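Novice: Working from the sequences, and respecting the hints, build out all of it.
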Amino acid sequence: MRLRSQHLLGIDGMSAEEIELILDTAESLAEIGRREIKKVPTLRGKTVVNFFVEPSTRTRSSFELAEKRLSADALNFSPSMSSFAKGETLLDTARNLESMAPDFLVIRHGQAGAPHFLARHCSCSIINAGDGAHEHPTQALLDAFTIRRHKGRLRSLRVAIVGDILNSRVARSNVLLLGQLGADVTVCGPPTLLPKGMERLACRVTHRIDEALEGADVVMALRIQVERMRSGAFPSLREYAALYGVTGERLRGAAPDAIVMHPGPMNRGVEISGEVADGAQSVILEQVTNGVAVRMAVLYLLAGEVPREAAA
Amino acid sequence: MRLLLRGGRVVDPASSVDERLDLLLEDGRVVRADRGLAPDGAETLDVHGLVVCPGFLDMHVHLREPGQEWKETVESGTRAAAAGGFTGVACMPNTEPVHDTRSVTEYLVTRARSHGAVTVHPIGCVTKGQLGEELAEMHDMREAGARAFSDDGRPVSSSLVMRRALEYSRIFDVPIIDHCEDAVLVDGGVANEGVVATRMGLRGWPSIAEEIAVQRDLLLAEYTGGHVHIAHASTGRTIDLVREAKRRQVRATCEVTPHHLVLTDEAIAEYDTNAKMNPPLRAAEDCRALIQGLADGTVDAIATDHAPHHTDEKCVEFALAPFGVVGLETAVAICLDRLVQRGAIPLARLVELLTIGPARILRLDRGTLRPGAVADVTVLDLERTTTVRPEQFQSKGRNTPFGGWELRGAPVLTIVGGRVVHDAR
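Protein sequence lines correspond, in order, to chains C and D.
1 is the number of the first residue of the first sequence in the numbering used here; add one for each residue after it.
313 is the number of the first residue of the second sequence in the numbering used here; add one for each residue after it.
Worth flagging that the hints you see were computed from the coordinates, not collected in a lab.
All values reported here derive from a predicted model rather than from experimental measurement.
Check each hint, because a few of them may be wrong.
A short, non-exhaustive set of chain D residues, derived as facing chain C with CB atoms under 8 angstroms [claimed, not checked]:
id: 1; residue: R511
id: 2; residue: E582
id: 3; residue: V700
Okay, the calculated beta carbon distance ranges per label pair [stated by the list, open to error]:
id: 4; chain 1: C; residue 1: N76; chain 2: D; residue 2: T697; range: 30 to 40 angstroms
id: 5; chain 1: D; residue 1: Q704; chain 2: C; residue 2: S156; range: 48 to 58 angstroms
id: 6; chain 1: D; residue 1: E418; chain 2: C; residue 2: E98; range: 43 to 53 angstroms
id: 7; chain 1: C; residue 1: I37; chain 2: D; residue 2: E703; range: 54 to 64 angstroms
id: 8; chain 1: D; residue 1: Q704; chain 2: C; residue 2: S15; range: 33 to 43 angstroms
id: 9; chain 1: C; residue 1: E98; chain 2: D; residue 2: A736; range: 40 to 50 angstroms
Built from N, CA and C at the ideal position, the CB exists for glycine as well.
Specialist: The following block contains the structure:
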């Protein structure tokens, strides 16, 4: 089996089989990261452009590491050093990048749909590394990978996603992915940060955190941005923390073996207490580790490589 | 100069005519429609099997001149109108400079005379600089030919200024056209607030932001006795509010666009900026309510909100693309195919919405084929099948969501003041 598309634009439109293929491939590639020589020659001679129009540390580093471990040549391109900052359009920038004949373009962009726009105009594989409030598919994949490792499955697991759902691409990709694989997802946040029609994306919606956390197998806290407070979505970080912070006390309502996740970067003491972030149930740093393997799997499969099990 | 249209089915809702008649035009006026008229030296056009209507009027277009000639000009926009079956267009004042003084009205009238393929009815600004603060010189602009006033895409946000505008406009008995949008509530929204925008991660433009503005305008019109015209109604609730207001005898009229009638927000699913406009495409139940409004008489006109943009301007990230779609060259075929052929409204009702409906709103002595009327004529072929080909548009704008659509029914002949300006029979 192979992926149907040459691009990874989002979880939207992916089948459960494709998602599982990526997760299984990541499982077999994860081992490379534990070797002494953390490198295989699979993508030797392939060029990947990491085109990050929005700041990112974790995702960009993770992609770069994945590319290097597969022996691809990585070119990092960010707006501060590019003509993009001089008013060149996204299309012209992309066409210029494409003239250098990359095999992959990994894009992080503040506007929803930017990767889809590029996919229509470029012939290389486009990988969405986060587009506005739309999707962040590799984050959802690494989250699913992490959950699967701990719980052995996704089907029928109770997952609570808490925070700024309105502006979160992580929430959207996770809702789509977890729903596709049969998990039971509840999203939770202040009504000012719950988008209209969310309940029609195969998830439950509530503004009561205790209701969301009750019996949850997975609790995912989302980063809250100070800019949202300024836009009037809530009065203060203090009040936000009081109402929606994932604390030890609240976590007691979840399943005893619940895991706690966060896509980072965290605001300690706001959406998640330090005690929970550093606690025994936290898998936040594992998410980062797993991110590299998942991104390796995505690159590997999009390059048209046959799944490893089949090859072996 | 005499012109005889022979053998067509004349549909003139203003005089309740729908029968097979010949139509004689002379010196820019209608002589009469009758059975078996002899050519008697007149140039004869055979229109057997075709439908002969009063010239269609599009009361909401953007000609982009002066100031944005790369998007459209009076010349290209009126050629698009002629090709689309329109004999007249009313053009919005959001030009550069904005049309808020007589000098711009005169410029438009002059350009239309020298370069216009169809009649142009300028719409002036309600307020100076389109800033929503002080009333513009309506009298002066009207003397020069302005037919209505509107601040268009930057609607008057102050209820006090809107009150004054509706009061002051009574002196001239002209409509104040409002693009109803509570901009604070829209808060940067780019797509209908709902599941589609949510799934796509786009900021929502809620229906309520239109409806609050509509209700404010209707109450102000009722209070002042002014005539408010609601531009491009896009939601079911807007239609309900207008219907109730009309029942209370409020001087209110409204228009809808073809795209809001036949497309839902699903059309933006691939981040297609050619389906991005303001107000945004709504839900299927809104489409149904708008069509109901056409059928029951709540809606007074179909207008395109023809908003040409350069391809480069539209070929960007969705949220950054300008709002607007072109419509002059697709409106009639869309309405014939999707509304008339499918039985949503009868042909005569569609003709009414494109002729006497908008003519009454703008107080134009047009929109009918009665003897003595201006010889503006639109001829339709209900059986002609066409495919929308944006690259062949007369308009400079290619930004249509209907590219590739195959449509049954098309305008085939356009006559302005007794002169053939487009003939695709």
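Novice: Evaluate each hint against the coordinates.
Specialist: Against the structure, the hints come out as follows:
no. : hint                                 : verdict
1   : R511                                 : holds (6 angstroms)
2   : E582                                 : holds (7 angstroms)
3   : V700                                 : violated (20 angstroms)
4   : C/N76 to D/T697: 30 to 40 angstroms  : violated (53 angstroms)
5   : D/Q704 to C/S156: 48 to 58 angstroms : holds (56 angstroms)
6   : D/E418 to C/E98: 43 to 53 angstroms  : holds (50 angstroms)
7   : C/I37 to D/E703: 54 to 64 angstroms  : holds (56 angstroms)
8   : D/Q704 to C/S15: 33 to 43 angstroms  : holds (40 angstroms)
9   : C/E98 to D/A736: 40 to 50 angstroms  : holds (41 angstroms)
Going through the hint list in order, the structure does not satisfy hints 3, 4.
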